[in-house]
Amino acid sequence: MPALENRTETESWEDDYQTSPTPRSDVLKRCDPYSRLGETEKINPHIDYKPSLPYRYLDVIRKSFAGKREPLAGCDLAVMWREMQSKLDLCEQKTRNSEVLNNSDIPVQLVLDFNMRAERWRRDTSFQSSLAAKFMHDDYQTIMAMGKQVVPLILGRLQKAPEAWFWALKHLAEEDVAKDTDNPADAAKSWLRWGRRKGYIK
Amino acid sequence: METRFEKLRPSNYEGKSPVDFGYNCIAWAMGRKDKAWWPATIGGYRWPKKLPRQKPGEETLENFISAFKRIGYKKMLKKDYSLEKGFVKVAIYVKGNQNPTHAARQLESGIWTSKIGDEEDIEHTSPVVLEGKEYGTVAVVMKKSVQ
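Line by line, the protein sequences give chains A and B. According to our numbering, the stretch in the first sequence is residues 1 to 202, in order. According to our numbering, the stretch in the second sequence is residues 1 to 147, in order.
Hint data in this document are derived by calculation from the structure and do not stem from the laboratory. Just to be clear, a hint being listed does not mean it is correct.
As a list, the in silico DSS-like pairs of lysine-lysine whose alpha-carbon atoms are at most 30 Å apart [to be verified]:
{"id": "1", "chain 1": "A", "residue 1": "K170", "chain 2": "B", "residue 2": "K16"}
{"id": "2", "chain 1": "A", "residue 1": "K170", "chain 2": "B", "residue 2": "K85"}
{"id": "3", "chain 1": "A", "residue 1": "K198", "chain 2": "A", "residue 2": "K148"}
{"id": "4", "chain 1": "B", "residue 1": "K33", "chain 2": "B", "residue 2": "K75"}
{"id": "5", "chain 1": "B", "residue 1": "K79", "chain 2": "A", "residue 2": "K179"}
{"id": "6", "chain 1": "B", "residue 1": "K85", "chain 2": "B", "residue 2": "K55"}
{"id": "7", "chain 1": "B", "residue 1": "K7", "chain 2": "B", "residue 2": "K49"}
{"id": "8", "chain 1": "B", "residue 1": "K74", "chain 2": "A", "residue 2": "K170"}
{"id": "9", "chain 1": "A", "residue 1": "K179", "chain 2": "B", "residue 2": "K55"}
{"id": "10", "chain 1": "B", "residue 1": "K16", "chain 2": "B", "residue 2": "K144"}
{"id": "11", "chain 1": "A", "residue 1": "K160", "chain 2": "B", "residue 2": "K33"}
{"id": "12", "chain 1": "B", "residue 1": "K33", "chain 2": "B", "residue 2": "K50"}
{"id": "13", "chain 1": "A", "residue 1": "K189", "chain 2": "B", "residue 2": "K33"}
{"id": "14", "chain 1": "B", "residue 1": "K7", "chain 2": "B", "residue 2": "K50"}
{"id": "15", "chain 1": "B", "residue 1": "K55", "chain 2": "A", "residue 2": "K148"}
{"id": "16", "chain 1": "B", "residue 1": "K69", "chain 2": "B", "residue 2": "K16"}
{"id": "17", "chain 1": "A", "residue 1": "K189", "chain 2": "A", "residue 2": "K148"}
{"id": "18", "chain 1": "B", "residue 1": "K69", "chain 2": "A", "residue 2": "K179"}
{"id": "19", "chain 1": "B", "residue 1": "K55", "chain 2": "B", "residue 2": "K133"}
{"id": "20", "chain 1": "B", "residue 1": "K85", "chain 2": "B", "residue 2": "K144"}
{"id": "21", "chain 1": "A", "residue 1": "K189", "chain 2": "B", "residue 2": "K50"}
{"id": "22", "chain 1": "B", "residue 1": "K85", "chain 2": "A", "residue 2": "K179"}
{"id": "23", "chain 1": "B", "residue 1": "K33", "chain 2": "B", "residue 2": "K79"}
{"id": "24", "chain 1": "B", "residue 1": "K143", "chain 2": "A", "residue 2": "K160"}
{"id": "25", "chain 1": "B", "residue 1": "K49", "chain 2": "A", "residue 2": "K189"}
{"id": "26", "chain 1": "B", "residue 1": "K50", "chain 2": "B", "residue 2": "K144"}
{"id": "27", "chain 1": "B", "residue 1": "K16", "chain 2": "A", "residue 2": "K189"}
{"id": "28", "chain 1": "B", "residue 1": "K50", "chain 2": "B", "residue 2": "K16"}
{"id": "29", "chain 1": "B", "residue 1": "K79", "chain 2": "A", "residue 2": "K160"}
{"id": "30", "chain 1": "B", "residue 1": "K55", "chain 2": "A", "residue 2": "K170"}
{"id": "31", "chain 1": "B", "residue 1": "K144", "chain 2": "B", "residue 2": "K133"}
{"id": "32", "chain 1": "B", "residue 1": "K50", "chain 2": "A", "residue 2": "K179"}
{"id": "33", "chain 1": "B", "residue 1": "K74", "chain 2": "A", "residue 2": "K198"}
{"id": "34", "chain 1": "A", "residue 1": "K189", "chain 2": "B", "residue 2": "K55"}
{"id": "35", "chain 1": "B", "residue 1": "K143", "chain 2": "B", "residue 2": "K75"}
{"id": "36", "chain 1": "B", "residue 1": "K49", "chain 2": "B", "residue 2": "K143"}
{"id": "37", "chain 1": "B", "residue 1": "K33", "chain 2": "B", "residue 2": "K144"}
Here's a subset of chain B near chain A, in silico, CB distances under 7 Å, partners left out [as the list claims (entries may be wrong)]:
{"id": "38", "residue": "R4"}
{"id": "39", "residue": "G15"}
{"id": "40", "residue": "P18"}
The beta-carbon is built from N, C-alpha and C at its ideal position, and this holds for glycine as well.
Construct the entire structure; sequences and hints are all you get.
Following this line, the structure appears as structure tokens:
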């Protein structure tokens, strides 16, 4: 096996971990209890895609834990990494295929950054009802600071689930088109109608 | 969930519903699941008309207590989580600068029920098991007669 620093992007990092025991499913859940990626939402193996994370990041983590092959606090590092990589790949794949990316006005890097931050925000705050916890989260604030160009991306997420993007939308759109609603589902519908009318989404 | 709520154990809670964005913990504590109750200054959230809407981070415990008073709850002097026949109780959690974060409701069995953010409803043995870094601590227990 070549030394880490001599590897190329095409080599599979999983080679090192082929002998790692497969953890029980309940251990996996403990490792990542916030995932909404159900069994039916795995990456399509027939779609050609490249890993979305630079190889060097894996090496940094791997070197940090060199020699520590035992499960870390009940979690297997290799499994955690594989799960994280899968989700990021899936996220990138979905983004690449989504209609919002067809809008050439949105830089791909911005889309990827948005998706990463939005997903982390959801993971960190999905246990909260407090709007302060949701809206004051670093990633939520950063997304708001990206400006109006992320409105189509936010609406794209709203099409999948009525997440609490209403504060960001109100400030980016400079109006509250959902002000007469009293539940997230109706608010999301109001914003999606607005987005279609404005041409942000189809 | 146990990684977020350090006092939760498989033995002291149980999931009871699928994920549902349509209502939140305050609505569930009030016995409703068709709205999301929060004193928000934006659309998407319901709050009693005569009570103030507050910006994120500026919500007050008094505002939440007033909302529960409007549906018949009275503030208890002590945080008593025991089951009292003929009464239903709610516990309101606060964190940081006494900002409300969560509410749980006691069932007739004495078990407590909570809607966990955008996630599912759970039943838990005591309000204490949800105390910690996510929700802070229980500040107030309120009760109302169900007879």
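These are the hints, each one checked on the structure:
Between K170 (chain A) and K16 (chain B), the direct Cα distance comes to roughly 34 Å. Violation of the 30 Å bound is thereby established for this hinted pair. Restraint check for K170 (chain A) and K85 (chain B): not satisfied, since their Cα atoms lie roughly 46 Å apart, outside the 30 Å limit. Between K198 (chain A) and K148 (chain A) the alpha-carbon distance is near 12 Å, which keeps this suggested pair within the 30 Å criterion. The hinted pair formed by K33 (chain B) and K75 (chain B) meets the criterion: a straight-line CA distance of about 23 Å does not exceed 30 Å.
Proximity of K79 (chain B) to K179 (chain A) is assessed by CA-CA distance (about 36 Å); at most 30 Å being required, the pair is judged violated. Distance hint between K85 (chain B) and K55 (chain B) is unfulfilled; the C-alpha atoms sit about 38 Å from each other, more than 30 Å. At roughly 36 Å between alpha-carbon atoms, K7 (chain B) and K49 (chain B) are farther apart than 30 Å, so this suggested pair is violated. Proximity of K74 (chain B) to K170 (chain A) is assessed by CA-CA distance (about 36 Å); at most 30 Å being required, the pair is judged violated.
Taken as a hint, the K179 (chain A) and K55 (chain B) pair is honoured in the structure, with Cα atoms around 14 Å apart against an allowance of 30 Å. Under the criterion of a C-alpha separation no larger than 30 Å, the hint pairing K16 (chain B) with K144 (chain B) is consistent with the structure, at around 24 Å. Our distance criterion of 30 Å between C-alpha atoms is met by K160 (chain A) and K33 (chain B), whose separation comes to about 21 Å. Proposed proximity of K33 (chain B) and K50 (chain B) is supported: the alpha carbons are some 22 Å apart, at most 30 Å.
Taking the CA atoms of K189 (chain A) and K33 (chain B), the gap is about 18 Å. The hint holds against a cut of 30 Å. With a CA separation close to 37 Å, the supplied pair K7 (chain B) and K50 (chain B) exceeds the 30 Å bound. For the proposed pair K55 (chain B) and K148 (chain A), the alpha carbon gap of about 22 Å is at most 30 Å, so the pair holds. As the CA atoms of K69 (chain B) and K16 (chain B) are separated by approximately 27 Å, the hinted pair is consistent with the 30 Å bound.
At roughly 19 Å between alpha-carbon atoms, K189 (chain A) and K148 (chain A) fall within 30 Å of each other, so this suggested pair holds. Restraint check for K69 (chain B) and K179 (chain A): the C-alpha separation of about 25 Å stays at or below 30 Å, so the hint holds. Restraint check for K55 (chain B) and K133 (chain B): satisfied, since their Cα atoms lie roughly 22 Å apart, inside the 30 Å limit. For a cut-off of 30 Å, the pair hint linking K85 (chain B) to K144 (chain B) stands: about 11 Å separates their Cα positions.
Annotation: proposed proximity of K189 (chain A) to K50 (chain B) holds, straight-line Cα distance about 27 Å (limit 30 Å). Using a Cα cut-off of 30 Å, the hinted pair K85 (chain B) and K179 (chain A) is violated, with the two alpha carbons roughly 41 Å apart. Between K33 (chain B) and K79 (chain B), the direct Cα distance comes to roughly 26 Å. Compliance with the 30 Å bound is thereby established for this hinted pair. In summary, the hint linking K143 (chain B) to K160 (chain A) is not supported, as the alpha carbons are separated by about 38 Å, beyond the 30 Å threshold.
At most 30 Å may separate the alpha-carbon atoms for a hinted pair to count; K49 (chain B) and K189 (chain A) meet this at roughly 23 Å. A threshold of 30 Å between alpha carbons decides the hint, and for K50 (chain B) with K144 (chain B) the separation of about 21 Å falls inside it, so the pair holds. Distance check on the hinted pair: K16 (chain B) and K189 (chain A) sit about 27 Å apart at the alpha-carbon level, within 30 Å; holds. The suggested pairing of K50 (chain B) with K16 (chain B) is violated, with an alpha-carbon distance near 33 Å, which exceeds 30 Å.
For the suggested pair K79 (chain B) and K160 (chain A), the alpha carbons sit about 41 Å apart, so the restraint of at most 30 Å is broken. Using a Cα cut-off of 30 Å, the hinted pair K55 (chain B) and K170 (chain A) holds, with the two alpha carbons roughly 13 Å apart. Between K144 (chain B) and K133 (chain B), the direct Cα distance comes to roughly 29 Å. Compliance with the 30 Å bound is thereby established for this hinted pair. A distance of roughly 17 Å separates the Cα atoms of K50 (chain B) and K179 (chain A); the hinted pair therefore holds under the 30 Å criterion.
Of the supplied pair hints, the one linking K74 (chain B) and K198 (chain A) is violated, its CA atoms being roughly 48 Å apart against a limit of 30 Å. Taking the CA atoms of K189 (chain A) and K55 (chain B), the gap is about 23 Å. The hint holds against a cut of 30 Å. Distance restraint check for K143 (chain B) and K75 (chain B): the Cα-Cα separation of roughly 7 Å lies within the 30 Å cut-off, and the hinted pair is therefore satisfied. Simply put, K49 (chain B) and K143 (chain B) have alpha-carbon atoms about 22 Å apart, close enough for the 30 Å limit, and the pair holds.
As the CA atoms of K33 (chain B) and K144 (chain B) are separated by approximately 19 Å, the hinted pair is consistent with the 30 Å bound. Annotation: interface hint on R4 (chain B) holds; nearest CB of chain A at approximately 5 Å, less than 7 Å. For G15 (chain B), the shortest C-beta to C-beta distance to chain A is roughly 11 Å, which exceeds 7 Å, and the interface hint is violated. With its C-beta approaching chain A no nearer than about 12 Å, P18 (chain B) sits outside the 7 Å limit, and its interface hint is violated.
In summary, the numbered hints that this structure violates are 1, 2, 5, 6, 7, 8, 14, 22, 24, 28, 29, 33, 39 and 40.
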